[in-house]
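Protein chains: 2
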Amino acid sequence: MTALDLIREKRDGQALSGDAIRFLVAGACDGSIPDYQLAAWLMAVRLRGMTDAETTALTLAMAASGRQLDLSSIPGRKVDKHSTGGVGDKATLVVAPLVAAAGVPVAKLSGRALGHSGGTLDKLEAIAGFRVDLGIDEFIAQVRTIGIAIAGQTADMVPADKVFYALRDATATVDSVPLIASSVMSKKLAAGADAILLDVKAGRGAFVATVPEAEALARALVALGTSAGRETVAYVTDMEQPLGRAVGNALEVREAIDTLAGRGPAELGDLSLRLAAEMLRLAGVQAVDLHRLLVRGDALRKFAELIRAQGGDPRVVDDPSLLPEAPVQRPVLATVGGHVSGADALEIALAGKALGAGRDRKDAPIDLAVGIVLQKKIGDPIVEGEPLAVIHARTGADAENVANRVAASFTIAERASPRPILLRRVTTSGVERLDL
Amino acid sequence: MTALDLIREKRDGQALSGDAIRFLVAGACDGSIPDYQLAAWLMAVRLRGMTDAETTALTLAMAASGRQLDLSSIPGRKVDKHSTGGVGDKATLVVAPLVAAAGVPVAKLSGRALGHSGGTLDKLEAIAGFRVDLGIDEFIAQVRTIGIAIAGQTADMVPADKVFYALRDATATVDSVPLIASSVMSKKLAAGADAILLDVKAGRGAFVATVPEAEALARALVALGTSAGRETVAYVTDMEQPLGRAVGNALEVREAIDTLAGRGPAELGDLSLRLAAEMLRLAGVQAVDLHRLLVRGDALRKFAELIRAQGGDPRVVDDPSLLPEAPVQRPVLATVGGHVSGADALEIALAGKALGAGRDRKDAPIDLAVGIVLQKKIGDPIVEGEPLAVIHARTGADAENVANRVAASFTIAERASPRPILLRRVTTSGVERLDL
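Sequences listed follow chains V and B, in order.
In this note's numbering, each residue carries its 1-based index in the first sequence increased by 9.
In this note's numbering, each residue carries its 1-based index in the second sequence increased by 9.
For the record, the hints were derived by calculation from the structure and aren't laboratory data.
Cβ atoms here follow ideal geometry from the backbone N, Cα and C, with glycine treated the same way.
On the chain V side, residues computed to face chain B include the following (Cβ under 10 Å):
| no. | residue |
| --- | --- |
| 1 | D14 |
| 2 | I16 |
| 3 | K19 |
| 4 | M52 |
| 5 | A53 |
DEER-style ranges, computed between Cβ atoms:
| no. | chain 1 | residue 1 | chain 2 | residue 2 | range |
| --- | --- | --- | --- | --- | --- |
| 6 | V | D184 | B | T404 | 55 to 63 Å |
| 7 | B | T437 | V | A416 | 53 to 61 Å |
| 8 | B | A35 | V | E423 | 45 to 53 Å |
| 9 | V | S26 | B | R403 | 37 to 45 Å |
| 10 | B | R86 | V | D28 | 52 to 60 Å |
| 11 | B | A218 | V | D142 | 56 to 64 Å |
| 12 | V | P374 | B | A35 | 26 to 34 Å |
| 13 | V | V440 | B | D444 | 57 to 65 Å |
| 14 | V | A175 | B | A35 | 21 to 29 Å |
Modelling step: build the complete structure from the supplied sequences, incorporating the hints.
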């Protein structure tokens with residue numbers, strides 16, 4: 010078996026054997042297959058596709074390419090939660106403490122901001138002192154002690170994904186369902202949870218733009234997780250506009266705290282409660298009144314516990330002004346009245362990235378204070394001269410630079426309805442429509 | 010413009026602009042576009058194709074990527090001849106001296122053996138002392154003096170083709186008509202001739218297996234040459250069985266000498282006369298009795314002149330036993346009688362390569378003496394126990410190793426007809442069938 014043979018087979022639309030897939034993954038990791046052969050194979054996969062069996066073999070081989078967590082020392086059924094990435098998506102910061110407050114252990118490995126997508130690790134680092142680089146033993150011990158830990162994947166996990174992802178990013182082979190699905194699920198499998206909840210974003214600010222595409226990806230992810238022996242459920246949720254109102258790291262932590270305190274945006278609360286309830290169901294836990302955990306402050310206290318355990322200042326949950334604040338706040342005003350009919354998540358994210366809230370390379374620095382806070386969302390009425398959003402910038406010039414872009418990301422029509430957030434629930438049994 | 014954008018456009022089946030193609034070629038040559046991006050683009054081209062305009066832009070950009078010969082100091086209209094590569098294809102060794110003997114200057118750059126295909130330079134090096142690495146000035150001066158020179162392309166010609174070819178070879182993107190056509194024609198354009206004659210081989214021993222594929226390639230090559238301002242004609246000729254009887258470097262030189270002396274295999278003589286006549290027509294030369302040039306010995310004397318001018322021993326044309334000879338000659342006998350119905354050019358070439366007559370890497374050494382001489386060709390009657398071929402090997406063990414493979418490359422049936430050699434003549438006006 011040679012890489013050239015396997016490139017040729019995939020080029021001709023044939024399905025590769027499990028041995029062939031494992032040969033490619035091993036060769037990607039040990040460097041015995043050069044980048045240019047992997048790139049040609051990835052383009053052939055992008056254009057020819059992969060069967061379910063190939064995708065499963067790829068996912069399992071990638072998961073097994075590095076360290077795999079063993080969470081068995083943590084009592085109970087562990088449930089992971091993963092979002093495919095979006096704009097203003099701080100749901101993990103709400104859902105994880107809420108679920109932990111309900112007694113279900115949360116051992117969560119998260120990622121960093123890249124491109125227009127935010128990352129949970131960067132958001133948590135907006136809390137002074139918060140450490141995301143826990144060792145594996147420390148990570149597991151913390152879940153055993155306080156029921157929750159959120160940390161970065163260690164460098165030795167899923168090395169195959171790092172090789173493939175870097176190449177896909179440079180060769181226009183990112184948007185392939187089998188490649189996306191194997192990348193996501195290999196990391197979830199290696200993270201060791203018993204069950205997996207996926208939040209597949211659909212819309213302008215997501216990896217996939219349309220609900221049918223997101224549904225296809227969700228089906229692929231659920232099938233993959235199931236065939237790997239992990240109960241897996243996926244939601245398709247709206248990412249046409251940003252989730253909630255805040256886009257930017259410290260701004261999003263503040264909004265998560267507000268939501269845990271029961272005063273956040275309704276749609277973020279609705280999504281978080283739904284995802285938390287699903288995680289409890291996957292954990293096999295009987296009905297818990299999650300709303301009460303928010304109202305009584307249990308979830309917010311659990312978040313404070315998490316922050317303290319990982320070296321951060323827990324007072325932030327009572328006094329969000331301890332978070333970094335940008336020196337300049339500049340409103341963007343509506344030039345006509347009507348109803349907000351669009352708030353382009355991608356454009357708003359790119360404006361935020363231009364302010365310094367995001368990055369194009371994994372090791373680039375990030376400005377944790379800056380971002381954009383939407384004052385209006387789709388369906389909201391607006392009067393000429395009212396603020397559509399507030400730009401939080403390092404300098405006045407930075408704010409001016411993106412003001413037109415932020416303004417242009419909104420569209421205003423005579424009438425417009427609010428967008429539903431929950432669109433589909435996908436299980437092995439099928440697809441349930443939630444937006445009816 | 011970035012390489013990533015252009016990969017994405019080709020991935021999505023769009024046609025790239027001339028500027029985009031030139032950007033890719035420049036980036037391939039100066040190393041600013043990494044191999045893995047070029048590989049992904051090549052696979053996208055292999056699966057999505059290229060328009061005629063893209064192929065022309067690619068060919069011109071590749072030709073212009075390095076040194077381009079200026080043959081204007083050589084009087085008359087210069088005609089190049091190129092074969093797409095085959096097994097036992099020593100036609101250049103016959104055609105070039107024959108055309109030069111007719112007074113048409115031949116400034117020919119040739120290649121080396123690679124894979125199952127032979128190379129004119131290796132064959133010429135079977136003549137003791139023959140130098141193929143002429144400097145450009147020396148090359149042109151020789152054509153001016155004696156009307157013929159055959160040399161290797163200099164290292165600074167068509168560097169883009171070297172980059173692309175090495176990647177294509179490693180990424181299963183060789184068999185793409187636009188990529189083959191641009192590779193062939195960029196080298197021909199850079200070689201500076203006014204008109205180009207192409208011999209497109211079709212069959213088991215060729216780059217393309219079927220006549221329709223070869224015809225499509227021939228049309229593409231003719232269109233490319235014409236759009237670049239060079240009159241171009243292509244023949245499609247048979248490569249199902251080896252051309253002539255000899256496969257192997259010194260063995261083929263001997264057969265070329267025999268043919269120049271009028272005692273070679275009829276089909277090699279027929280092909281050579283036809284190609285030579287076409288070259289004369291392209292050169293604008295009035296009817297010359299080519300057959301007479303063979304019979305009178307003018308063509309053979311011109312070959313001797315060529316050999317002397319390039320440092321070889323010209324006595325070889327009168328005494329081919331001066332060529333290297335393999336120590337072992339082992340016949341392969343027919344186990345049944347009938348008519349030869351198949352003599353698989355690819356299998357015979359691979360057997361020859363196993364003996365040492367070919368190579369898989371451009372810099373690998375080659376054994377100039379070894380090879381296979383067919384005693385029977387398709388259509389010939391054969392009696393059980395008669396030799397089908399004679400293996401010329403370095404050792405008895407080498408000969409034994411390939412004996413079964415050589416035997417298995419022949420098929421024998423009750424009846425079979427000889428195969429025509431000339432199949433199509435392709436010009437800008439259309440395709441003429443020659444095998445009727």
